[in-house]
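Protein chains in written order, with this note's numbering: chain A, 1 to 475; chain B, 1 to 495; chain C, 1 to 105; chain D, 1 to 639.
For the record, the hints were derived by calculation from the structure and aren't laboratory data.
Here the structure is a predicted model, which means the values were calculated and not measured.
Take the hints with a grain of salt, since some may be wrong.
Capping the alpha-carbon separation at 20 Å, the derived lysine-lysine pairs in PhoX-like fashion look like this [what the hints assert, rightly or not]:
no.: 1; chain 1: D; residue 1: Lys-614; chain 2: A; residue 2: Lys-151
no.: 2; chain 1: B; residue 1: Lys-444; chain 2: D; residue 2: Lys-168
no.: 3; chain 1: B; residue 1: Lys-444; chain 2: A; residue 2: Lys-364
no.: 4; chain 1: C; residue 1: Lys-104; chain 2: D; residue 2: Lys-614
no.: 5; chain 1: A; residue 1: Lys-349; chain 2: C; residue 2: Lys-104
no.: 6; chain 1: C; residue 1: Lys-54; chain 2: C; residue 2: Lys-98
no.: 7; chain 1: D; residue 1: Lys-168; chain 2: B; residue 2: Lys-298
no.: 8; chain 1: C; residue 1: Lys-29; chain 2: D; residue 2: Lys-614
no.: 9; chain 1: B; residue 1: Lys-364; chain 2: D; residue 2: Lys-168
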Amino acid sequence: MNIDSFLLMRHEILLLAIVLLLIVAEIFINQNKKGSIVHLAIFLFGIHTIVGFFAIDESSLFGGMFRTNGLIHFFKNILNIGVLVLLLQSADWLQEKIVQHNRGTEFFILMFSSLLGMYFMISSGDFLMFYLGLELSTLPVAALAAFETTKRISSESGIKLILSAALASGVSLFGISLLYATTGSIYFNDIIEVITSTNLSILGLVLFFAGLAFKISLVPFHFWTADVYEGAPISIASYLSVISKGAAVFILMILLFTVLKPLMHIWENMVYIIAIATMFIGNLFALRQQNMKRFLAFSSIAQAGFILLGIIEGNQLGVTTVVYFVLIYVFSNLAAFGVVQAISLQTGKENMNDYEGLYRTNPKLSLVMMLALFSLAGIPPVAGFFGKFFLFTAAASKGYYLLVFLAVVNVTISLYYYLLVIRAMFLRQSDHAIPFFKNKLYMRLGLIITVLGILILGLYSPLYDYIFELSSNFN
Amino acid sequence: MDILSLFIIVPVITILVLIFAKGLKQSRIISLVGSIFQFGMAINLVFAYFKERAVNDAIMVFTKDVVWFKQFNIHYSIGVDGISVALLLLTTIVVLAGVFISWKMKDLPKEFFVSLIVLSIGVYGFFISIDLFTMFVFFEIAVIPMYLLIGIWGTGPREYSAMKLTLMLMGASAVLLVGILGIYFNSNADGGPLTFNILEIAQVNIPFEVQKLFFPLTFIGFAVIGALFPFHTWSPDGHASAPTAVSMLHAGVLMKLGGYGVFRVAMYLLPEGALHWSWFFIILAAIGVVYGAFAALKQTDLKYINAYSSVSHLGLVLFALLMLNKTAWNGAILQSLSHGFMTALFFALIGMIYGRTHTRDVTKLGGLLKVIPFISVIYVIAGLASLGLPGFSGFVAEMNIFVGAFQHDDIFYRVLTILSVSAIVITAVYILRVVGIMLMGPVKNEAFLSLPKVTWYEKFGILLLLIPIVGMGVAPLWLSNMILESLQPFIQGVL
Amino acid sequence: MIEGISIYEILTLTSILFFIGVYGFITRKNLISILISVELILNASVVNFVVINKYLYPDVLQGVYFSLFIIAVAAAETALAISIIINLYRQISSVEVKDIETMKY
Amino acid sequence: MNFSYTILIPLIPLAVFLLLGIFNQKIKPAVSGYIGVFGLLASAIISFYAAYQYFFVSGKADGVYQTFVDKTVWMNFTETLHIDMGVLIDPISIMMLIVVSVVSLMVHIYSRGYMKGDDGYTRFFAFLSLFSFSMYGLVLATNLFQIYIFWELVGVSSYLLIGYYYTKPSAVAAAKKAFIVTRFADLGFLIGILIIGYYTGTFDFETLNNPEGSAILNWASTSFMGLSVITWALILIFIGGAGKSAMLPFHIWLPDAMEGPTPVSALIHAATMVVAGIYLVARLFPMFYFVEHGFALNIVAYVGAISSLFAAIIAITQTDIKRVLAFSTMSQLGYMMLALGVSGYDGHEGVGYMASMFHLFTHAMFKALLFLGAGSVIHAIHSNYLKDMGGLRKYMPITNVTFLIAALAIAGMPPFAGFWSKDEILVAAFEHNKLIYYIGVLVAGLTAFYMFRIYFGIFWGKDREYEHTPKESPLSMTFPLMVLALLSIVGGFIPFSEFITPDKAGFEAHLNYPLAAIAVGVGLTGIILAWVFYKKENDLADKFANAFGIFYKWAFHKFYFDELYLFITKKILFKRVSAPIAWFDKKVVDATMEGIGNKTVLTSEKIKGMQSGKVQDYAFSFIAGVVVLAIVFIYIWTN
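Bound-form chain A, shown alone (with noise of 0.2 Å):
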């Protein structure tokens, strides 16, 4: 164990570094330009993002607690690129919301230590640090879900928040416990050997898989998501639905394809019945919302759903098709709650309603809306046509041909509430739209930036070829 080998957490120590600089920075940064704390914290997490693409070879820490090779390096630098774009959003709403009251600083630390728990979370070699990755990624969360104290609203969703994961989390742990109980270890890679599908690792498995499905927001799992987002500030709601859920995924996915690969008849099953329930329940809540944030929020369980065609295929393709889909769902999804959280800013209206004739008034940004949401529809030529393909051809491969029939019944479904704010944004026109206003840098940095993603990700096959490379130790 050298000291090169801490190479390997590049990621975690330069942010954790991150973390304690703005603290130091907070103390020396003098009151009256308390703003310059958001331009710094920006400016050093897109260091961040740029350090992480360098190379990292593959290997695993204290033991095989700590693991990481190119898939897991990728995946936290889509955590990344994410993040970014998000604080690019959130940057004016920070400035003008927050910052007056001294709390920018808090905001960045919370976000960023959540973003580092993630880190551990996918790259965790055994339940323990898994378990730690978890609770350090969702408890920050809730912190900052109750981030405008003086709303109530936002003091809601904490609660609600704080007391569903802490439920979760129980519950997973008891799932572990068994599975240790099952298999007596804690480590990975000593679980594969010996695992087998005796009912109380099936029990086991099943509260385990409950655990993540609530980060994941699966029905029956789902339902603090609709509420939290609804009450927690916009770009709260988009990394819960963005940043922590692809995370989750991947890291069940992970789970699912080497620890538990034994049980794969049993979960595999489960997955079935699971991801049928979600997308209609998610499509089905979907079509009545009227609240933005409510709506996506649904729509992005339905998304989970269709996560899940991919990973019951179970192997490599499974893998690229997922990590594909999470990548161009993070673009998409993004730049839909960018729009909202521009417009909420500028008005502060979140309703469908409120968005009738906004083509008129601002075109540039009902188009960014109309992409994110042809993306999430899966409409061509936009990257989230490819993403959704894909996960279809991965259940199809297994020979799901009713599963992908359910789900495409439910793209359709979903295309009918995506049209509905199209409808509002284009179709209609009111007296009292919102009226013209221009963004400010960041949020349309942010913007373009998840735009250019739409359109280029799908259209672009090498991507694809290059995560399925990266995959290429899961079959």
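Dock chains B, C and D against the given chain A, drawing on the hints supplied.
Structure of chains B, C and D alone, referenced to chain A:
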């Protein structure tokens, strides 16, 4: 740049230029230039095709193949045979005419033309691609702009119609997706690699059970956009609400994707499935033929009449395709083309009449021959063409279909043929009814006595569509031969 | 290792503990008591880890350490929850669970 | 010998049509009239030249008239089936060329006077040319499909010409009716063609008509419902012919077609288009004769006979002179059909066929003459109705004389043309089928009666008070009258049996005096009765009518055929079929599709309670989910 990809590139460039256009004048000029250019390319393509065909007897010519997603063996692979060439020509003409017809688009002209061109991109791509994935992509690209086109620039219950149309077509394409995946994962039945390439799959003999399972999905997936009987209801409302140019493109071109897809994918790749299911779908198609005609008989809104007649005419296309013989298929393709021109012409004329009289209710109109002779005369001609008068394209197509269908050895199919032949009488009835009420007779409304005369761009648009109708009707031989020889490989594939 | 008490009794106990916690979570009216029931759930798994480690795999102490960490995390969790609850109390001066239902459907 | 130049005959009128049609607005009426006339003159000259060539120079080879075919493929169906376009020259086509040329030319000339000052003058001539083109094409057709194509084209030009006064609702209705009724009959024709094509593998007349050809020899190979499929095909084709030739029950369009300008009625609805049906049967005569021993041919005979009687009876009661003429046309067409029906094939047996063609020829002349005469009368007094006419002979002598000649011709008075052809028909009927013969004789009498009824009604009787005294029509109109009158006189002396026989050999025809005498006698009685009734104003006619009472009423209402058709279309098709389908489409098919959507939205409304906002409910469902999954996968779904 190869001759086919230009059909994608040029519109894209047009769009990029359009983005910087300001106001109606610039946008329409730009899109006019673009579409004229495409028209030229299509003409050039026809000649090039004949030259190529002379030396090259591959199924598809001008093929180009670029690997796209190599893990799935997805290629951007394109190529044309006589059928797609003809349909491309149709598309360019209709698009050009559409631009002429929407010369005075008031509201958001730039966006209108952009969406119009996006739609055309989808259609071009669909016709030239020989890779199922690419085909599907272009299919959806073609469908989606309809929502905006109808929703923003439409009339009447536009939001409702737009939503209905989009959802039904997308639902269909969703079903289609399952079918395509099914084909894809059985394309290695002979031990080869999985592939989306139509020509390669055609060589594979996919097991019968699989074909039985996936043919209906694929067929319905395509046939819905071809207005197959129980799934046609999107089309009347959609047509009625759409702006003129969109109705033209929609009925003239977009609905052709159905027949073409059925032919290229469902029939060609799943022949045994087709044979197994043909009796069922052929009944649906035959019902559609007669049913559409009768439904048109009762309508009073011009666009509804036309929409239902489209259901009837395109029913014939599917009907012929399911007959699985060369003549009928030839007829089906010809019918697609001729219906494309005719119905586009109809909608153009209806648009002009509506633009002048502000009503599409035939009972309110009357004696138009006196007041707007040009439009009315053309309308009469179009009507005669669509009731299958010799000398116009409709006759040629229908005769091919009927003779071909009647060559079927099974008496059941011949009886159905006779049934659908009877539709031509009903067609005559509803066409002449409209002509009688709307164009002839005394002028019903004083206000009509002073209607604006037809303008130059309208004339252009009309003649552009009329000339091919007459041309096909008078000298069908070259076209039908071009199609027939392209059908040869498919025949060998299927029978 | 406790004489005369096999692992089954203890596991039964922990399961009961777990479900008591769940029951409390679902039925209590007061946020604080819900929090306490969460603690019960966590403790159930804590005991689980220790017992399993002791009875089944006594040679390595994975379970024991795990339980330590759980306790620590649980503390953090509770602290955070309490703070949020207090913040809520500032606004609506109530810690009743029925008062946090403004967002629904 | 090469007859390919005959292709010009149809092409010239086509060119004229395009010229006049496209530059409709540009060309001055006078000019367009001349263009039309000279265009047709050219065609006529070529036709006559071709006729001369064929009959007197190079048509015959060892005593049999040859068939010259010159064609090119127009469209391919299958290896065997294809549509050809071309010209087929044989006796009947030549004969028809003459008929069409003469009548059409006359009508063109006549129209220049008749249509003078009408806006749409140019349009009129354009349509006339279009019709001439289609009719020539039909006559020269080399195969079933070509004839069907031009069949449709004459149909549409008839539609356009009937609806020429398109602002007149009645005209529009009539045009629509004519087109749809014939179209309906053509459906039969088309299906017949399909069957022929499927079972014989060819559309060519030569191949089909060859008595040794497979089409005729293997008629028995496949049968359907007790009859050979070929027979069925022929019957269906005959339905098509019946539609065009206004046989029962498809005759209803013909009387209404009189809404068109009178020259049109003369050309299309008397002389040329309406005989297309007869021409079609004659064209396929060998098939009709040989297949299933002429089963189809008998049907032709009876349909013809009944139609002619039926029409003759109605003609007596009508008061609109053009309608009288229309029914008389129908009756005469029935005559021709009947003649074909009773004809044999070779040698003198073929007299019926010959007679039918002969009558077609003569009838074209004198019926066109009658119509044009009526037209000139109508032109003079602006009314179609007998009650407005009377004593016109002093005002318009030429019309009077020519009309009289035509009337005598149609009444079958020697030596006028009608006498000869009618006599041959009666001979043929007498030799083959007595019943039909009696019908024929009866019809002959009725014909004479109603024809002279209107003759006397128009030109004799006492004057009505005319607002301005009627005067003779201009030369442009009277000249054709005179020409046609001349032809109606001499036309009968053409030795048709030399030229036109089923086996194309030709034979010696001689007058059968007793039969002729009977016919003439009957005809005379008819004329005398008419003289008695209508020469002077008296109420005999009404008495007579009342004597017949209800029967007269029926006949006057054309036996309520129109009402029947109206009932079928309006009540059955519209109310019982079309309306329900439209309703079904809206309320069932469409509703189902919408229902799916609405159900989805409704469901989402129903289940919204799940998201109750209570964190404890959430926890409950969380745990419930866990428990259910655990139970399912531990106890139920254990594979």
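Hint consistency between B/Lys-364 and D/Lys-168 [alpha-carbon to alpha-carbon, up to 20 Å]: holds (17 Å)
Satisfaction of hint between C/Lys-104 and A/Lys-349, Cα-Cα up to 20 Å: holds (19 Å)
Hint consistency between C/Lys-104 and D/Lys-614 [alpha-carbon to alpha-carbon, up to 20 Å]: Between C/Lys-104 and D/Lys-614 the Cα gap is close to 8 Å, so the pair holds against 20 Å.
Given pair status - D/Lys-614, C/Lys-29, alpha carbons within 20 Å: Since the Cα atoms of C/Lys-29 and D/Lys-614 sit roughly 11 Å apart, the hinted pair holds (cutoff 20 Å).
Hint consistency between B/Lys-444 and A/Lys-364 [alpha-carbon to alpha-carbon, up to 20 Å]: Violated, at about 49 Å.
Straight-line alpha-carbon gap B/Lys-444 to D/Lys-168, limit 20 Å: Holds, at about 13 Å.
Given hint C/Lys-98 paired with C/Lys-54 - CA-CA distance at most 20 Å: Answer violated: C/Lys-54 to C/Lys-98 is near 42 Å, above 20 Å.
Pairwise hint evaluation, A/Lys-151 against D/Lys-614, where the allowed Cα distance is 20 Å at most: holds (19 Å)
Straight-line alpha-carbon gap D/Lys-168 to B/Lys-298, limit 20 Å: Violated: D/Lys-168 and B/Lys-298 sit about 24 Å apart, past 20 Å.
Hint check: violations occur at hints 3, 6, 7; the rest are consistent with the structure.
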